[in-house]
Amino acid sequence: MREAVSRSSNIDWSLVGTVVSPGDERLAYEFFRRLASFFQKENIVPISPKFADITRLLGGEKELVDITTIYSQETIEYMNQFSGIELICHFYLKLASYIDDHPQYSEYIYVYEP
Numbered sequence: 001m002r003e004a005v006s007r008s009s010n011i012d013w014s015l016v017g018t019v020v021s022p023g024d025e026r027l028a029y030e031f032f033r034r035l036a037s038f039f040q041k042e043n044i045v046p047i048s049p050k051f052a053d054i055t056r057l058l059g060g061e062k063e064l065v066d067i068t069t070i071y072s073q074e075t076i077e078y079m080n081q082f083s084g085i086e087l088i089c090h091f092y093l094k095l096a097s098y099i100d101d102h103p104q105y106s107e108y109i110y111v112y113e114p
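Quick note, the sequence shown lines up with residues 1 to 114 if you use my numbering.
The hints are simulated quantities; they were obtained by calculation from the structure and are not laboratory data. These figures come from a predicted structure and were not determined experimentally. The beta carbon of each residue, even a glycine, is placed where N, CA and C say it ideally should be. Each hint should be verified, as a subset may be incorrect.
Said to hold, decoys possible - Here are the simulated SDA-like cross-link-like pairs (lysine to any residue), alpha carbons at most 20 Å apart as the crow flies:
| no. | residue 1 | residue 2 |
| --- | --- | --- |
| 1 | K41 | Q81 |
| 2 | K50 | Q73 |
| 3 | K41 | I109 |
Said to hold, decoys possible - The following label-pair restraints were derived from C-beta to C-beta distances:
| no. | residue 1 | residue 2 | range |
| --- | --- | --- | --- |
| 4 | D66 | N43 | 31 to 37 Å |
| 5 | K41 | E61 | 17 to 23 Å |
| 6 | E113 | L64 | 14 to 20 Å |
| 7 | Q81 | K41 | 21 to 27 Å |
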């Protein structure tokens with residue numbers, strides 16, 4: 001969990017949604033590709049990324065992580081403008097916490113890696 005918090009805390013959130021470099025254009029594509037790979041590997045019928053809580057899909061009961069205790073107020077305000085991003089951050093941190101107790105699922109953290 002600590003590593004996931006560190007990685008997501010180092011994102012320049014003011015740049016989210018903009019294209020800073022050609023590599024940035026692939027970020028959304030990679031997320032969808034990785035999510036599709038997860039669905040295929042776990043033999044799960046694909047669902048909308050907005051509902052793709054991998055922890056829950058793996059049978060985990062962890063609650064969403066309270067991101068207000070992790071991120072700055074400025075980051076929270078920015079995320080609130082984009083509910084999809086906020087939700088994906090919740091799912092990412094939730095999975096990271098779940099993996100602390102269930103390391104056999106650590107390969108799936110890459111789906112949400114920034």
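Review point. Given the hint that K41 pairs with I109, does the C-alpha gap stay at or below 20 Å?
Key: 14 Å, holds
Check your understanding: Honestly, do Q81 and K41 meet the 21 to 27 Å range at C-beta?
Key -> 33 Å, violated
Check your understanding: Has the hinted range 14 to 20 Å been met by the Cβ atoms of E113 and L64?
Key -> For L64 against E113, whose Cβ atoms are near 19 Å apart, the range 14 to 20 Å holds.
Exercise for review: Please test the hint of 17 to 23 Å on the beta carbon pair from K41 and E61.
Suggested key: 22 Å, holds
Point to revise | 20 Å Cα cutoff - pair K41, Q81 | key: Since the Cα atoms of K41 and Q81 sit roughly 33 Å apart, the hinted pair is violated (cutoff 20 Å).
**Study point:** Whether the CB-CB distance between D66 and N43 falls inside 31 to 37 Å
**Key:** 32 Å, holds
Exercise for review: For the pair we were handed, K50 and Q73, check the Cα-Cα distance against 20 Å.
Suggested key: 23 Å, violated
The structure fails to meet hints 1, 2 and 7 from the earlier list, while all remaining hints are met.
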